Amino acid sequence: MIDLFSPMGAVRALLPEIVLSAWALLVLLVVAWRHRTSADCRLAGWLSAAGVVASAAALVWLWGSGARSTGLDHMITLDWFRFGGAAVILFSAFATILVSIRYLDREGLVAPEYYPLVLLSTVGMLFLAGSADMIVLFLGLEVMSVGVYILAGYDRRNPASAEAALKYFLIGAFASGFLLYGIALAFGATGQTNLQLIGAQLATGPASLMARLGLALLIIGMAFKVAAVPFHMWAPDVYDGSPTPVTGFMATGVKVAAFIALSRVLIVSFPGFDQVWQPIIGALALVTMIAGNLIALAQKNIKRMLAYSSVAHAGYLLVALWPGTRLGAAAVLFYLLAYSLTTLAAFALLGSLGTGGERDVSFDDVAGLSRRRPWTALGLAICMLSLLGFPGTIGFIGKWTILEAVLAEGQYILPVVLVLTSLVSAGYYLPLIMSMYMKPEGERPAWKELVLAQPGAAIVFVTVAAVVVFGILPSGIVDASLRSAATLAQTVMPMAGR
Amino acid sequence: MNGFLESLSYGQWILHALVLMPVIGIPLVLLVPERMSKHVALGITLLTFVVSAGLWWHFDPGAGMQYRSEVAWLPRWGISYAVGLDGISLFMVLLTTLLGPLSVLGSYRYITERERGYYALMLALLAGLIGCFLALDLFVFYVFFEIMLIPMYFIIGIWGGANRLYAAIKFFVYTFFGSLLMLVAIIALVWKVALATGELSFSYDHVLRNAAAAGDLAPWLFAAFALAFAIKVPVFPFHTWLPDAHVEAPTAGSVILASVMLKIGTYGFMRFAVPFFPDVAMGDPVRTIIVVLAVIGILYGALVAMVQPDFKKLVAYSSVSHLGFVMLGIWGGTLASVQGALMMMIAHGLSTGALFFLIGMMYERRHTRELAEYGGLARVMPIFALVLTLVAFASIGLPGLNGFIAEFLVLLGSFGRYPVAVVMATLVVIVAAAYLLSALQKIVYNPLDRPENQGLTDLSLREVLVLLPLVAGIVWMGLAPGPVLRRMEPAARAFVEASARTEAPAGRAVLGQGEVAR
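In order, the protein sequence lines correspond to chains A and B. All residue numbers for the first sequence refer to the numbering used here, where the first residue is 1 and numbers rise by one. All residue numbers for the second sequence refer to the numbering used here, where the first residue is 1001 and numbers rise by one.
Extracted from the complex, chain A is given alone in its bound form:
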């Protein structure tokens, strides 16, 4: 048991975040002296990867110690839902760093400050995923976002990258405004910023207009962050313009943290308001799935296709969020893992197929890839099948968990739209496989001289292997996600729970 009100208790509960923050500052100190050569850059990369491992070790220790808070979760939560989300976030950061080590070299982006930025925005994500209080939630969101804004514009000679950063920054600031206003209204309605206390307070009386407005604004703010339609306009340009490993990081880490936080807010703070938020989430899910998939269908280049596909996957995640039940929360967590593993691998592999941000790698450019680089082609093909939700991959189990959660509630429209839009997605995932395997080598293969260098190849191999292994033997992770969701449900105040 951890007393979150005592200083020592807070330190224990925040150990992964503290380790990572301290390590990020350390790396920053190192790069202050060594930032000239690409060897320095690699050193910073390896140091940062070690930092993520240290933080993960702290997380494992905290998770394994079975720590629970005495009474109320104060500022930070101590449940499996946070730990599960944190594990996915740390893996995403780890993979991003390893892939970046050679990528930055190749692209001539010798500026080792990249790595502390990744670490610091990871700290923000961890806070966002673990927040038990609106204040922490907002701080986490901002720390995360500021880091990612800079990363998006990291290729400063590339106008697209600069455009991505500016666009992301402006829209992000706008979204923060919504979120902050939502927090203020929720505070106004209840006098509380603690998520559990807000839930308890709201359960005592009828739903006030102020609370409803606050809820709506909170959802909108988060919808910007997860790129749900119609708040997705920034996403394709930003994903497209950023350096590819950063795109992978944004599409996974940011989304994981935001979805964990959104689930927590809806389930813990507004449990009695499901009449209000279920229609909103359901409608967002519908338009996100439909628009995301249909627009992705029209894309010619792979990076943009993956950007829109990540919008579509936000739609599937919103479907998982819709029930607000234990099964739903478990589905959110499981799908976040499934989606993150697959997306990280897909972007990393894409990063080895072109240069200058890979913005011009079209479907035709990878024609015949399976003969020249069979492993890359196989990896990408597995990723596409997993994103499509095909059996034998983790993506299928993810979709299955979502369908289970929603159909258990007797809701049929969302599942049917989900599978039909998945069918649409076959129209853009399969052509990639088709191009790699079934077409003869083209005139201008973008990938001719490039390779996926170590250590990126190793982490991609591990990730793709996980996609397949967990797709065939998902039992352990399914159990863990259900237990995580159960501990989340325990934090709902008794009088507020359904």
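Simulated from the structure, these hints should not be mistaken for laboratory data. Quantities reported herein were computed from a predicted structural model and do not represent experimental measurements. Note that the Cβ used here is the ideal one computed from N, Cα and C, for glycine as well.
DSBU-like mimics (lysine-lysine), calculated; alpha carbons at most 35 Å apart, straight line: (1) A:Lys-439 with B:Lys-1313; (2) B:Lys-1313 with A:Lys-300; (3) A:Lys-300 with B:Lys-1170.
These stretches of chain A come out as covered by chain B in the derived footprint (C-beta under 8 Å, 3 or more residues): (4) 387-395; (5) 409-419; (6) 429-440; (7) 467-480.
Following the hints, position chain B against chain A.
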């Protein structure tokens, strides 16, 4: 024979072995040198067939679902890897394992590039098909149902004809569309059952016993299942993927597709869609719709086949016609009609498989499938001509060959319920004779007037070996269908009873107990 099999404790491992052997074969095929891969694949598929052949003797017709085995897979959701075999799946499994080695042997000369990948995909396809016929858990069935799409997609897309990309994606999207809606239906049904009985389980038996819990949702759920299977069969008007896929696929791909994969659809109706929702399936208006579509399929397939200049397309359309007979038989609702449907599934598997092999052999020699390009092959290829004639007769339904038994039983059994449909279907037998005989004439008997055809060589020993088992099966089942009919009879009877159970009293009773337990 049985004593020998018992001494191996055959019944305990056979079903797992049938799925695992091709799966284990995949890495073997990929690891050996390129030119060795086909021999390894042949060895594995032959071994699978030999092992599966024991089922013929060991299978006990009266024992219903047997060789049951269960391994926990996802216990939290009540999912386990459950398999079993009854008189319906027995023949489908044997058909699959028989066609496995033949398909490999038939590809020896046709496939000349990327052989390792091809044979690995072939093994994956066989494993998926066998697993699909054995699965007794809805999750497992769905996984196998989907997983076989990928090898087929690649086989068509990589080794197919000129228009292969279009055919591959069309095949994939059509089947995927149906199966996705079935996925929703499976989970929705299981949750309905779970809420009524208090037990979340994807086990086939559990769902079958309590399927009445679907209540008002039953028509929708049936529609989803039926759509998935109807696309697979394919029932008119969902058949348009079939001619494209067949024409573009390499020979062995067409063989597996026509002989086994289409049967997944009719098998699905018999195993899942009808027994789960007998009231819906056998009640109006579904009954009428299906029978009308089946008859349209029978007529349409035959008429379109008649005007095809391409022999492969002709056979593809004739499949639509034959599978229409199977659908009619399933809905015929008598023992004879259901047994006829099952016989038709086997007969079509053997004769169409043989026809596609023969087309492949023609194509390997002349690189065209246009009927007009041939003529007088009987002169230069007598063995080929003999086999083609015999197989075409079987497909037409000539007495003494297996197609006749099947068609006769279907028509006889269905007449009581659907006299008009049966009369119309009977007329088609004439049309079938017309299209196949005229094709036969154009290929084999017209004057040998093209110089290209004069130098053609007759079937090699390998090709004869590919065809011999199929021809033997066709003749043997035509002359002595007794052993086959005897083995499938109890299962067919059980299906007839299950589908006649319109008000499902047993299901309701169990449901009541479940509610008490909850």
